[in-house]
Amino acid sequence: MTVEQEAPGRAPRETGRARVDCEIHNVVPSTEALFPYLSEHWRESVTQTLFKGVADASYPRNAPTTARPASKAGDGPPGSSLELLREQVLDPDGLELGILTCLYAIDSLRNPDAAVAFASAVNDWQIAEWLEKEPRLRASVVVPSQLPHEAAREIERVGDHPGFVQVLLPIRSHLPYGNRIHHPMFEAIARKELVAGLHFGGHPGNPPTPTGWPSYYLEEYVDMAGVFASQVTSIVSEGLFDQFPSLRVALLEAGFTWLPAHMWRFDKEWRNLRRLVPWVRRAPSAYIREHIRVTVQPLDAPPDPRQLRQVVEELESEEMLLYASDYPHQHRFDPERDLLAHLPDGLANKIRRENARAFYRL
Amino acid sequence: MVASAPRGQETIRRPARPAMIDCDHHNELDSDADLYPYLPERWLEHVHTYGMRSPAGGYYPRFMPHREDARPPSGRKSGSDARFTVRHFIEPEKVAYAILIPLSGVGSQQNLALGAALATAVNEWQVAEWLDVDPRFRASIAISFEDPPAAVAEIERRASDKRFVQVQFSGRPHEPMGRRKYWPIYEACARHGLHVMSHAFGSYGQPITGAGWPSYYVEEHVGPSQAMQANVVSMVLEGVFEQFPIKVISVENGFGWLPSLCWRMDAAWHLLKSEVPHLKHEPSEYVRGHVYASTQPMEEPHRPQYFFQMLEQYGDLVDHILFASDYPHWDYDDPDQAFPVSLPPELQQKIYFENAARLYRLG
Numbered sequence: 001m002t003v004e005q006e007a008p009g010r011a012p013r014e015t016g017r018a019r020v021d022c023e024i025h026n027v028v029p030s031t032e033a034l035f036p037y038l039s040e041h042w043r044e045s046v047t048q049t050l051f052k053g054v055a056d057a058s059y060p061r062n063a064p065t066t067a068r069p070a071s072k073a074g075d076g077p078p079g080s081s082l083e084l085l086r087e088q089v090l091d092p093d094g095l096e097l098g099i100l101t102c103l104y105a106i107d108s109l110r111n112p113d114a115a116v117a118f119a120s121a122v123n124d125w126q127i128a129e130w131l132e133k134e135p136r137l138r139a140s141v142v143v144p145s146q147l148p149h150e151a152a153r154e155i156e157r158v159g160d161h162p163g164f165v166q167v168l169l170p171i172r173s174h175l176p177y178g179n180r181i182h183h184p185m186f187e188a189i190a191r192k193e194l195v196a197g198l199h200f201g202g203h204p205g206n207p208p209t210p211t212g213w214p215s216y217y218l219e220e221y222v223d224m225a226g227v228f229a230s231q232v233t234s235i236v237s238e239g240l241f242d243q244f245p246s247l248r249v250a251l252l253e254a255g256f257t258w259l260p261a262h263m264w265r266f267d268k269e270w271r272n273l274r275r276l277v278p279w280v281r282r283a284p285s286a287y288i289r290e291h292i293r294v295t296v297q298p299l300d301a302p303p304d305p306r307q308l309r310q311v312v313e314e315l316e317s318e319e320m321l322l323y324a325s326d327y328p329h330q331h332r333f334d335p336e337r338d339l340l341a342h343l344p345d346g347l348a349n350k351i352r353r354e355n356a357r358a359f360y361r362l
Numbered sequence: 363m364v365a366s367a368p369r370g371q372e373t374i375r376r377p378a379r380p381a382m383i384d385c386d387h388h389n390e391l392d393s394d395a396d397l398y399p400y401l402p403e404r405w406l407e408h409v410h411t412y413g414m415r416s417p418a419g420g421y422y423p424r425f426m427p428h429r430e431d432a433r434p435p436s437g438r439k440s441g442s443d444a445r446f447t448v449r450h451f452i453e454p455e456k457v458a459y460a461i462l463i464p465l466s467g468v469g470s471q472q473n474l475a476l477g478a479a480l481a482t483a484v485n486e487w488q489v490a491e492w493l494d495v496d497p498r499f500r501a502s503i504a505i506s507f508e509d510p511p512a513a514v515a516e517i518e519r520r521a522s523d524k525r526f527v528q529v530q531f532s533g534r535p536h537e538p539m540g541r542r543k544y545w546p547i548y549e550a551c552a553r554h555g556l557h558v559m560s561h562a563f564g565s566y567g568q569p570i571t572g573a574g575w576p577s578y579y580v581e582e583h584v585g586p587s588q589a590m591q592a593n594v595v596s597m598v599l600e601g602v603f604e605q606f607p608i609k610v611i612s613v614e615n616g617f618g619w620l621p622s623l624c625w626r627m628d629a630a631w632h633l634l635k636s637e638v639p640h641l642k643h644e645p646s647e648y649v650r651g652h653v654y655a656s657t658q659p660m661e662e663p664h665r666p667q668y669f670f671q672m673l674e675q676y677g678d679l680v681d682h683i684l685f686a687s688d689y690p691h692w693d694y695d696d697p698d699q700a701f702p703v704s705l706p707p708e709l710q711q712k713i714y715f716e717n718a719a720r721l722y723r724l725g
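Protein sequence lines correspond, in order, to chains A and B.
Residue 266 in the working numbering sits at position 266 of the first sequence, and the numbers go up by one each step.
One gets the working numbering by counting positions in the second sequence from 1 and adding 362 to each.
Since the hints were derived computationally from the structure, they do not count as laboratory data.
Fair warning: this is a prediction, and the values are worked out from it, not measured in the lab.
Errors might be hidden in some of the hints.
[Claimed, not checked] Interface residues of chain A toward chain B, partial, derived using beta-carbon atoms under 10 Å:
| no. | residue |
| --- | --- |
| 1 | Ala55 |
| 2 | Ala63 |
| 3 | Gly178 |
| 4 | Tyr221 |
| 5 | Thr233 |
| 6 | Asn272 |
| 7 | Arg274 |
Note that the Cβ used here is the ideal one computed from N, Cα and C, for glycine as well.
Start from the sequences, fold in the hints, and give me the full structure.
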């Protein structure tokens, strides 16, 4: 369905600017909103005990990066209203499609039964409250990623729903995702032809840096790029793409300007050390360019646009970048103004739309 | 770049390069027994009875031992004989100064008092068996950085010997390096004009990723740049450089990551600066004033043009790039073949010599 049909009376958008937005956060407004999708046991637990649902620590509620000023939805948190999403993103941005990334912090639940029950509830809530109500949306399966077998079971349960195109995994995990303990989960993701979407944040309990716990959220935010880099190292080195050759991985809210230097270092180490990981038969950068895509927010742009063009060129692939608004989160740079405006039209349109359509098979 | 060219293939020698200051030169212990003459009886007995215990669980056997061609005739470990090192490397490679970085278990001891005793022993050993042997050696002060009062005491013991130019941290201390716990160490460094150096590897029990322990040594060997970035982020954003006029030197972490880290810190700071009101400038300003990075193992894009782009992105920060060989380790960079491009002479002069000469005040 096109925007013109959906919202008559609006100025027709430039067809050249058609976009697929690969990161829109849909937020569960409250634990009670999940009650229709939870068993009586969990409804009672929430109403009668001190357990009130997940303990989300990835985004400080009122930090300037967490929400755009106008995105607060009545009584609900920013990102919790479909109506507001239509008004603020789907219609004005002329989106063909938007991919929802629901960051419900299932990985904060140590109780495995709760993790399984709440993941299922969130997915049923996404189907009923978002996918069935808005044809321009696709969504990401929420799973108990800390329990790979249970995650695989949930992917099995809802993975055939045509609205789900991705499984969302927090970038901070208790073991790197290349570790074999995660194979059942990635096997299910690959079998259901979904994308593994690795996203900023997570609650594994271990520190977010290789050198312990930092003091400030600002540090965690900056350091998260390093966690993405480490996961890329792990996934390629430990042979996830060799084990599951059709697996596709998206890095969501990772930034991308760090990636060229990381590929150079990784390729060099592979040349020296590849006999330790003989299944890795090509340079890591070749696996990365084939299997991995990266959303453009946060942009982390250099002051000089020429240098930003250099970085994009250094990816050595026009297919890797995916447009994302990251609604309702706030970033310093605007993807259109600060990135796409500086790129050739052909490449900009790939980033706006074509790369996502091909990668997510939309 | 791996040290040796394939057999039968002629080594490509680039035009004569300038004399150099090697900012990552390892003085090796043949074994811990080298330190025994410098350890008090009480700790010698302790080591014999209980050993040196560091947080367990981070066992990633090195790929291979040190360069076999650097082994002294005595058969001791490569890099463990100062006189042989001078003959084998310092003389032929035109090394004006070599900054010694001793890798020992000092910083990772669970028993902090043993860590302090080991630090003193390592430093006495460096004076007697290295610094006194050749005037071209400069050294890093081993400190038990998880025990700042003991570390400060050790700094005080060494500070008058100007051949010690910096203090040594591992790659992954127990807390990010900007945390206040470590500030007394920085205060002492500032008082004595010493720099702070963090050398890749070594941890106090944390995995090399922000997402747990990886499986293979190749991951352990790619990871130090992420660890050092976290240390730089911490020192900048905690405001260490607002408090102390010290320089921090990243060693064996590569250096291609520094431009994008500056961009990312600046972008995030513009939105979140209310959390860190102690910072008076953009984060990249503090990097410009205080952060240095050594070359090995340098990022090597397969297109030379990208390497030049990276240097261009460094801008005036190219004055902060220091040549390092990592002699005598397996992944050592041959000073004549380390760079994937031919550097312009002026830049070569800076990276091999001038930047380090200015930083370490070496003539």
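Here is what the structure says about each hint:
About 19 Å separates the beta-carbon of Ala55 of chain A from the nearest beta-carbon of chain B, more than 10 Å, and the hint is not met. For Ala63 of chain A, the suggested interface contact is upheld, since its CB lies about 7 Å from the closest CB of chain B, less than 10 Å. Proximity of Gly178 of chain A to chain B holds as hinted, the smallest CB-CB distance being about 7 Å (cut-off 10 Å). Using the Cβ-Cβ criterion of 10 Å, the hint placing Tyr221 of chain A at the interface with chain B is satisfied: the shortest such distance is roughly 5 Å.
Given hint, Thr233 of chain A at the interface with chain B, holds; its Cβ is 5 Å from that chain's nearest Cβ, closer than 10 Å. About 6 Å separates the beta-carbon of Asn272 of chain A from the nearest beta-carbon of chain B, less than 10 Å, and the hint is met. A cut of 10 Å between beta carbons decides the hint on Arg274 of chain A: the least distance to chain B is about 8 Å, and the hint holds.
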